[in-house]
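Colleague: Each chain, letter by letter, is given below.
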Amino acid sequence: MTLLSVALLVPSLFWDKGPQSAPELLRSGVTSIVASPEIAATWKNQPAVRVTAADPASFEKLPTPGISFRSDVASATREPWVDSDGWHYLRRPDGRFLYDVPGPTADLAAAEAFAFGGQAAIKTDGAGLPSLAKMLKFLAGIQDEQLRPVVNIAFVDDGSTRSAECLNLLIRRNLLVQASKSPVSTSTLLPVVLGSADYPTKDASNPVVFAQQVREHLTDGKRSLRIYGSDVVIGRLASNGGKTRVYLLNYGTGKYSVDGIRVRVLGRYSKAQVFDPEGSSSKLIDTLFDSEAAEFTLPKLKTFAVVDLDM
Amino acid sequence: MAMPADWKEIPEYRIVDRSGTRRSSNGLPGPFPGRYVRVHSEKAIDIPSNRIDAPTVRTMLSAGMRQLTGASDDRDAWARFISPEDVVGIKVNCSGAPVINSNPELVSAIIENLLSVGVPAHNIYIYDRFGNQMRIVNFEAYVPAGVQTAAAEHSRGSILGYDPFTYVEVDFFGEDDTRSNLIRLVAERFTKVINVPTFKEHRAAGVTGCLKNMAYGNFSNVARSHRWEKTNTYSFVGTLASVNTLRSKTVLNVADGIRSLWHGGPFCQDPRFLFFPKEIVVGTDPVAIDRHLVDMVEEKRRQEGAPSLFNRSSEHLKPGPELDPKYNSFIREPGHVEYASKLGLGVFDKAKVKGEVVSL
Chain A
1 MTLLSVALLV
11 PSLFWDKGPQ
21 SAPELLRSGV
31 TSIVASPEIA
41 ATWKNQPAVR
51 VTAADPASFE
61 KLPTPGISFR
71 SDVASATREP
81 WVDSDGWHYL
91 RRPDGRFLYD
101 VPGPTADLAA
111 AEAFAFGGQA
121 AIKTDGAGLP
131 SLAKMLKFLA
141 GIQDEQLRPV
151 VNIAFVDDGS
161 TRSAECLNLL
171 IRRNLLVQAS
181 KSPVSTSTLL
191 PVVLGSADYP
201 TKDASNPVVF
211 AQQVREHLTD
221 GKRSLRIYGS
231 DVVIGRLASN
241 GGKTRVYLLN
251 YGTGKYSVDG
261 IRVRVLGRYS
271 KAQVFDPEGS
281 SSKLIDTLFD
291 SEAAEFTLPK
301 LKTFAVVDLD
311 M
Chain B
312 MAMPADWKEI
322 PEYRIVDRSG
332 TRRSSNGLPG
342 PFPGRYVRVH
352 SEKAIDIPSN
362 RIDAPTVRTM
372 LSAGMRQLTG
382 ASDDRDAWAR
392 FISPEDVVGI
402 KVNCSGAPVI
412 NSNPELVSAI
422 IENLLSVGVP
432 AHNIYIYDRF
442 GNQMRIVNFE
452 AYVPAGVQTA
462 AAEHSRGSIL
472 GYDPFTYVEV
482 DFFGEDDTRS
492 NLIRLVAERF
502 TKVINVPTFK
512 EHRAAGVTGC
522 LKNMAYGNFS
532 NVARSHRWEK
542 TNTYSFVGTL
552 ASVNTLRSKT
562 VLNVADGIRS
572 LWHGGPFCQD
582 PRFLFFPKEI
592 VVGTDPVAID
602 RHLVDMVEEK
612 RRQEGAPSLF
622 NRSSEHLKPG
632 PELDPKYNSF
642 IREPGHVEYA
652 SKLGLGVFDK
662 AKVKGEVVSL
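In the order they appear, the protein sequences are chains A and B. Take 1 as the starting number for the first sequence in this note's numbering and just add one per residue. Take 312 as the starting number for the second sequence in this note's numbering and just add one per residue.
Bound-form chain B, shown alone (with noise of 0.2 Å):
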């Protein structure tokens, strides 16, 4: 996987993290650096009816989560990563909603299983950055009575929702505001994150999976970071997931690839570019179930003809809606993943990666 041309200038960045910098020992990659666990179930969905198989969806997640910490049974488990102190966030995304998004039948069988180790209902959040994306998969309706939604934005812009005492500061191309704000609830509610990204490309950062959710997702002010063809998730992505107070929180990671997009990502323009894994992967890696990803994607592109995700060639630019495979908006970053890797969030070295696969 080739660097970019210019991947050696890094903007400046400065971390203001209220929590300082002492790292968590929960924090990523967390107990399993370099494995993660493939889920796969030709049952998890419909495709014809567009469907999800909620018992499917349960029985995959137990698979995965078993394998992952060798446990028994469920509830030992989920005890490796959550105490019923805790306050969960469960961190969604609700980007592509309603084509492809965290399903709910996912979240729900996460929800079950918080509940089953003790953490009361009310201190179990699902959240996302933007109201109006969530209100569009209606979580309340699969979810236990006491469960709580939440969005950081619920008028689009207003930076009450974030935390003033905990940001990334950097001037990509002159804009004035300068900082990117963490979620306030991360930051002051949440002991706990479950991370339960989707797997879609995606037009700026190549893919938009484990890191890409935690780092986008949970911080303000970020679109700013791409303009004409350029974009700076190359090193953005990274350096906002390891943002302390996130990285230490954000314990586990659930993957829903059932569905997953290979082009026009991550708002599903077209739903011709939908496929369909049927996986779920779980792991405390976010940077190993990444590399996955971009592997999945990139082969899926390659039997399309569509030009690589690596492809930084100017004939494939056109602004724009990305209607044509050929086409792009920006210069694609999936070297965000490597880049992550290096800042300590996880293993993307392919020889030291395990990833697991078991078929239900």
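So here's chain A without its partners, still in its complex pose (with noise of 0.2 Å):
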């Protein structure tokens, strides 16, 4: 047993239950958990399983991702509501986080965490334990520790709820966005503070038109990544200046089947390969690379996949 002193570079399975659970973890492939410390001292004769101790209570509670349909708040569209909990880590990136998932959409939370580049542990149940344990093991093959998150967006993130909302809505509109609390020096980035002559705070009270006065300022041209094709995928990126990696979340994973998007990334490449958590034989399709950009489609996405795109 190891007390969790280390960050989470790769979201862990949180469990609660005691050593005669083993066979189901190591039937799931899980061989590695967190666990409160008391549950932690109750494994320390089980060496198949290491277990790292954590007290539950240090991490912060994070709401279940997904999407909803809120057909009680009258809206122009018929949009769903997706509910990510990206603006979490690039709020606070040390923080850690904990995630209760019930059911087989427990993969969604490891995988936004990853993409997000956040430390996370999830708590599920034995119905969520398979899709968990298979996508814990699919990041962990995966990462990347050279890679670095592509924005566009310096966001001055002051900490308030307000400040939040508009987070979450850059996130959800696909608008590449890294927050700091005090403005950074850049010329690449577009620079965005609350209350400043651009963004005034009324018009910030209304994340929807905040956002879309980001997007305006940013214009779609210099967006480094565009989705078409789904309302409920959020996409993030990362380079390592000869890879870049492109990862897409479905939040509908469980309701929506997402059966096509088409990406853009901005950038000069030469080739694209897509990987997933199901190991499918799926490959891109279309794929278009010109001076400006790369675009591929991706036939089918469960609950993620990773697209690395070669100079």
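In case anyone wonders, no lab produced these hints; they're calculated from the structure. Fair warning: there could be bad hints in the mix.
Here are the simulated lysine to aspartate or glutamate pairs, EDC-like style, with alpha carbons at most 20 Å apart [what the hints assert, rightly or not]: (1) 222(A) - 323(B); (2) 222(A) - 480(B); (3) 222(A) - 488(B).
Every value quoted in this text rests on a predicted model; they were computed, and no experiment measured them.
From these two lone chains plus the hints, build me the complex, please.
Modeller: Here it is as structure tokens:
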């Protein structure tokens, strides 16, 4: 048993059962868990599973990611409402977060934490364990510590609820953003400061209006990532200089089948390859590489996919 | 026909077309600009039983095609547009099914003629956007074995049936998906398209006829053009229809006006809004045909005491199902027909349009 004193580089399973559940874990391919100190202590004679002790009270609890249909809210469109926790990771990059997601969509929580570069543990039940275990194994296999987020917007986060809502909308609109407590010096990113002349406070009170203003100031032509064909997919980009990685999260997993999304990534590339936790033979189709951008279609997206673009 | 007050606020459209911009000689408005032939028969439908008379429909189609082309037989009339080597897509409209849709009897008659020209059955496609709507009509029961039916979306919202390399890009209301892509079969497989629209009032576009069936019926992600009371159909319909790949391949319009709707379109929310012109209209000029449609629906609405299609007053706006003819969810845009003429898709000026009537 080890104490959680190092960063959770890859999301982990938070488990609240004792060593009698070892066979269940091992059947799912899980050999490493996080548990409360009391539970962790009961595992000391079970060598097959590595147990890290952590007080759940030390984690910030996050709501279940997914989608909802807000029929009680008047809206000009019938877009589903995407519940993403991504903004938490941008606000607190050193934070440690805990999800409690029963059922098979627990894998989305793990994928979300990974795509946003955050530290998280996911608690689930027997129904969620197989898909979560598969996702954790996949994430461990594609981890690349050299990758750094690719963003277009430098958002100053004042820590307020309003700021959180604005950050959330930017993420949901696939406007690639980084957050900091104070303005950063940048010549390449669009600076966004709530309460500035460009983003008056009264407009920021409506995050939808605010996000649209940011988008118009940035312009679609300068967005490093565009996603067409789905309202429920959020994407993130990361790069190590030679490779750009696209993370694609389907927040509708379990409810919405995403049968095809078209992705556009700015930059010059010559090839693209897709990976997913299902290890499916799904290939990208209708690829296009030109001097400005790469485009490709992913025929099916279950929960999470990673596309590596090479120059 | 007055232009809308904000008609000059045309959104910025970007057209990406894999075929480029070189215009085909076959393309709209085709060899008969400013002309159409209306063929009417009281026997086209028995209203009490709601049964279409297939032999009458075949005869109507024959009369219309011969009158349009001047040919003395059907095969020669159709050979004007179709050759045996063609792969033909018949674009139907099933959005109002089962009450009002492109009648399978008419589609069957078209197919008979395509076969007589020498197009093999497996190179004939009946297609629309949504598979669930097409299944309601069940075209397969009316056409010979080998003829194919195809939907762009078997699961709603899937983009796989659309061509990623041919699209119109526009941002109407800040929606993130700004592309509307052409049906992949049109871009990649068909050499010719026969447009078989229904004749209906449309709550957003004013009317849905040839142009709207071409435009909104051949592209993805078009519902985004309406939000609250505003629709962008005024310019979007013509812009979509003008995309070169589609325009070049659409060689003929055979409009199904046996049934029509004067309110509540396109989905026929109440059968009391049905009426029965009992006509088929053929022509190569979609603008000229749709001009006739606008006049027809406008006159019917006048008879029923309903507001004009061109009424833009907010007192007639009410969101929700259009069950009261006094109200509508949107400000209609029947001016989309005239706008399409400005894009060169056909002739709008009534003085220059020749509509011929054949009564059987």
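Colleague: The structure should be examined with respect to each hint, and the outcome stated for every one.
Modeller: Evaluation of the provided hints:
About 17 Å separates the Cα atoms of residue 222(A) and residue 323(B), which keeps this hinted pair within 20 Å; it holds. Under the criterion of a C-alpha separation no larger than 20 Å, the hint pairing residue 222(A) with residue 480(B) is consistent with the structure, at around 16 Å. Of the pairs offered as hints, the one joining residue 222(A) and residue 488(B) holds, with about 15 Å between alpha carbons and a cut-off of 20 Å not exceeded.
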